[in-house]
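So the protein lines, in turn, are chains A, B, C and D.
One point on numbering: in the working numbering, the residue at position 47 of the first sequence is 314, and numbering is uninterrupted.
One point on numbering: in the working numbering, the residue at position 48 of the second sequence is 315, and numbering is uninterrupted.
One point on numbering: in the working numbering, the residue at position 109 of the third sequence is 376, and numbering is uninterrupted.
One point on numbering: in the working numbering, the residue at position 11 of the fourth sequence is 278, and numbering is uninterrupted.
Rather than coming from a laboratory, the hints here were simulated on the basis of the structure.
Check before you lean on any hint, since a few could be wrong.
No farther apart than 20 Å at their CA atoms in a straight line, the calculated lysine to aspartate or glutamate pairs in the EDC-like style are these [what the hints assert, rightly or not]:
| # | chain 1 | residue 1 | chain 2 | residue 2 |
| --- | --- | --- | --- | --- |
| 1 | D | K274 | A | E303 |
| 2 | B | K274 | C | D339 |
| 3 | C | K376 | D | D317 |
| 4 | C | K340 | B | E349 |
| 5 | D | K274 | A | D338 |
| 6 | D | K340 | A | E303 |
| 7 | D | K274 | A | E270 |
| 8 | C | K376 | C | D328 |
| 9 | B | K340 | C | E303 |
| 10 | D | K340 | A | D339 |
| 11 | B | K340 | C | D328 |
| 12 | B | K274 | C | D328 |
| 13 | C | K340 | B | D317 |
| 14 | B | K274 | C | E311 |
| 15 | D | K376 | C | D318 |
| 16 | D | K376 | D | D339 |
| 17 | A | K274 | D | D367 |
| 18 | C | K274 | B | D328 |
| 19 | D | K274 | A | E311 |
| 20 | C | K274 | B | E349 |
| 21 | B | K376 | B | E349 |
| 22 | A | K274 | D | E311 |
| 23 | A | K340 | D | E311 |
| 24 | A | K376 | B | D328 |
| 25 | A | K274 | D | D317 |
| 26 | B | K274 | C | E280 |
| 27 | B | K274 | C | D338 |
| 28 | A | K340 | D | D317 |
| 29 | B | K340 | C | D317 |
| 30 | D | K274 | A | E280 |
These numbers were taken from a predicted model, which means no experiment stands behind them.
There are 4 protein chains.
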Amino acid sequence: MTEFITKVRVYIEDTDFGGVVYHANYLRWMERARTELLRAAGFEQQTLMDDDLLFVIRGLDIRYRASAQLDDKIRVKTTISEVTFATMVFSQQINLELEDGSEGALLCKANVQVASISVSSRKVMAIPKSITGAVSIYRS
Amino acid sequence: MTEFITKVRVYIEDTDFGGVVYHANYLRWMERARTELLRAAGFEQQTLMDDDLLFVIRGLDIRYRASAQLDDKIRVKTTISEVTFATMVFSQQINLELEDGSEGALLCKANVQVASISVSSRKVMAIPKSITGAVSIYRS
Amino acid sequence: MTEFITKVRVYIEDTDFGGVVYHANYLRWMERARTELLRAAGFEQQTLMDDDLLFVIRGLDIRYRASAQLDDKIRVKTTISEVTFATMVFSQQINLELEDGSEGALLCKANVQVASISVSSRKVMAIPKSITGAVSIYRS
Amino acid sequence: MTEFITKVRVYIEDTDFGGVVYHANYLRWMERARTELLRAAGFEQQTLMDDDLLFVIRGLDIRYRASAQLDDKIRVKTTISEVTFATMVFSQQINLELEDGSEGALLCKANVQVASISVSSRKVMAIPKSITGAVSIYRS
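Isolated chain A, as found in the complex (with noise of 0.2 Å):
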């Protein structure tokens, strides 16, 4: 199974009163990791959009249990624990990145399932064979 990874920087826009991260902020880091995913497989939204497919949020469940505070550096570890005909199911994990650049406390675990829609008539509809075959690599 291979693990897609990316790597964020928290900055003053992140962090909240309490001096961490604002906890809706993890999530559009992993919106990001899902974005390099596609993007890393082939796949671009704008591109995708414009051929009437649209990714959109189903639902998620996240669990916090660290805090990142401003100028740490921190890592998305993303998988694909189910697909479905219009769904997919990310497994997402955020963890602070070391200065020696091995891996730090764990912060927030997420699943995220996302459907694919039609962007003309906002309907479900297939996720393409060969987005599915190209992010396979990713299945956990």
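Following the hints, complete the assembly by docking chains B, C and D onto the known chain A.
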């Protein structure tokens, strides 16, 4: 059981290239609703923080049913489904609000687990009885 | 001259690690205020967009004097200081609102130049007279 | 004169219903660039804050020429055009980056005035010589 209701208008900042609200922004609205519920019960988070108390999010699950778009009026309904020594679970639902002020389509539902920690030690601490007592009217 | 006034509450999402509102978020509030001014004048941007009209920001300048923090109530005052064939300049000021509802300290002042473009061609187009007429009561 | 260059990818979170980047988000990218410039010079803002130093934005002006859209790669060029006792003015420009890595269309240009304050007193304080010295290579 009393539901705590807050209302929000969808602005450009909330939308994304798909023409609808960016998924993580519903969580911002739910957080505003929890903040207003606490305020209605007599507690402001800046004041609590000055008293060393900070509420942090331990985890959440959310299911999306439909999307809000620019200019929509939406309504967040919040109840508290569970209270323990140091955690509260908020059950929150977002619906459209129709022109006539009645409730429209369900957009999403979430359960959000919040924990009470000490700002100074970052350790879990008991939720003051004054708070659990004051919010108990919103228990579901 | 009539000032258009909107009110906003500061939520956790608006703050940053400095304990005050993140600088770019004041621009979100000003944008909400312009949206509400247009709505009060009878125009919703989603509807305008369906009619091929989109307002885009050409430029702005903003001066910050003081910072809002969590739980503060703030007030955005908006007037229109200039109108041309395809542009409007909004003069906007944000102040704290005190407990008694009176105006508190000045937080920031900005001038925001907005242009009217065609969604389909992305080219500048005239602002409909119906709009410039309706918002003229807010001319400064 | 050395320009400090940072690169950013446009993600869904950055876009709005108009299909392009929300105007205030260019300021987030410029802030990331200033943060990276300071980091490259040896200073991290969390560390500075622990030493009672906080940089706050006094004012800015920005002109928008074109819009970035989802999946675009953009480049932020930053120089420091002015340094005083307690303030620095950053001149920042954002351009598209083309496939071949060369610079594409100009998207926006801004001047951002930053002031150095004491976290504890919230009063203006001198920018340490160590900082002004280290960033002087980026003076324009």
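Review point. Among all the numbered hints in the text so far, which are the ones the structure does not match?
Key: 3, 4, 7, 10, 11, 12, 15, 17, 18, 20, 25
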